[in-house]
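Enquirer: Protein sequences appear in the order of chains Y and P.
Once you know that position 106 of the first sequence is 102 in this note's numbering, the rest is easy, because the numbers rise by one and skip nothing.
When you read off a place in the second sequence, starting at 1, and then add 32, the result is the number in this note's numbering.
Hints in this document: simulated from the structure, not taken from any laboratory.
Cβ atoms here follow ideal geometry from the backbone N, Cα and C, with glycine treated the same way.
Some hints here could point you the wrong way.
What follows is a list of derived Cβ distance ranges for each label pair [said to hold, decoys possible]:
1. P:I50 / Y:G12: 15 to 21 Å
2. P:V140 / Y:E(-1): 26 to 32 Å
3. Y:G12 / P:N39: 34 to 40 Å
4. P:R109 / Y:D59: 46 to 52 Å
5. Y:E55 / P:R60: 42 to 48 Å
6. Y:V8 / P:N98: 43 to 49 Å
7. P:A49 / Y:G12: 27 to 33 Å
8. Y:D92 / P:A100: 49 to 55 Å
9. P:N85 / Y:H6: 38 to 44 Å
10. Y:G36 / P:E47: 36 to 42 Å
11. P:A49 / Y:E(-1): 44 to 50 Å
12. Y:D59 / P:N98: 28 to 34 Å
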Amino acid sequence: EPEVTQTPSHQVTQMGQEVILRCVPISNHLYFYWYRQILGQKVEFLVSFYNNEISEKSEIFDDQFSVERPDGSNFTLKIRSTKLEDSAMYFCASSDTRVTGELFFGEGSRLTVL
Amino acid sequence: QKEVEQNSGPLSVPEGAIASLNCTYSDRVSQSFFWYRQYSGKSPELIMSIYSNGDKEDGRFTAQLNKASQYVSLLIRDSQPSDSATYLCAVTQSGNNRLAFGKGNQVVVIP
């Protein structure tokens, strides 16, 4: 069964360091997303991406965040200068259609900022 | 701020019973509604979607939508220990395709 894969599963970093989280969406999907979940809190939307550009971003997705699809398969989230409050589980998701919330989530990358 | 609320605390049900979960949303023009299941330490997994008023059944799951009252519910019939998880209500908001999630309801099925 096709699945979304994410690496790393867990990353520990020092405050102020740059972090790149990687995702391989399902191959025939065209819409890509990043969500995050701080421990014990709601899953929160960060950004959506389609046709090689950001289609929508939330208030959380400030200038410290960026996304990229560097090749035909990977979809990355970069945090330029991590803060303590960036510690969370980051989920990549993909979909084959825009007008739906029927997302396929990866297993997540846990980011711990010290 | 547009909100999705799931207010009830952990729900314990005996195996074979019905689990009933409720969710309310504040954006009156929300269009699409979803239930995701999230096992502890895992990612959300879509189990039901519903787009129009009424009931939608899929196996042991039934989703109910009432747009006038702005609530959506999930029934799990014949609950199994494998149903023990947190159930997340999610709504797509008007004008965009981002999902807004509720905080979730934890369900514990007791054998």
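Enquirer: Does each hint fit the structure? Answer for all of them.
Expert: Taking the hints in turn, this is what the structure says about them:
no.: 1; hint: P:I50 / Y:G12: 15 to 21 Å; result: violated (51 Å)
no.: 2; hint: P:V140 / Y:E(-1): 26 to 32 Å; result: holds (27 Å)
no.: 3; hint: Y:G12 / P:N39: 34 to 40 Å; result: holds (38 Å)
no.: 4; hint: P:R109 / Y:D59: 46 to 52 Å; result: holds (48 Å)
no.: 5; hint: Y:E55 / P:R60: 42 to 48 Å; result: violated (22 Å)
no.: 6; hint: Y:V8 / P:N98: 43 to 49 Å; result: holds (45 Å)
no.: 7; hint: P:A49 / Y:G12: 27 to 33 Å; result: violated (51 Å)
no.: 8; hint: Y:D92 / P:A100: 49 to 55 Å; result: violated (32 Å)
no.: 9; hint: P:N85 / Y:H6: 38 to 44 Å; result: holds (43 Å)
no.: 10; hint: Y:G36 / P:E47: 36 to 42 Å; result: violated (27 Å)
no.: 11; hint: P:A49 / Y:E(-1): 44 to 50 Å; result: violated (32 Å)
no.: 12; hint: Y:D59 / P:N98: 28 to 34 Å; result: violated (41 Å)
Of the numbered hints given earlier, the model fails hints 1, 5, 7, 8, 10, 11, 12; all others are met.
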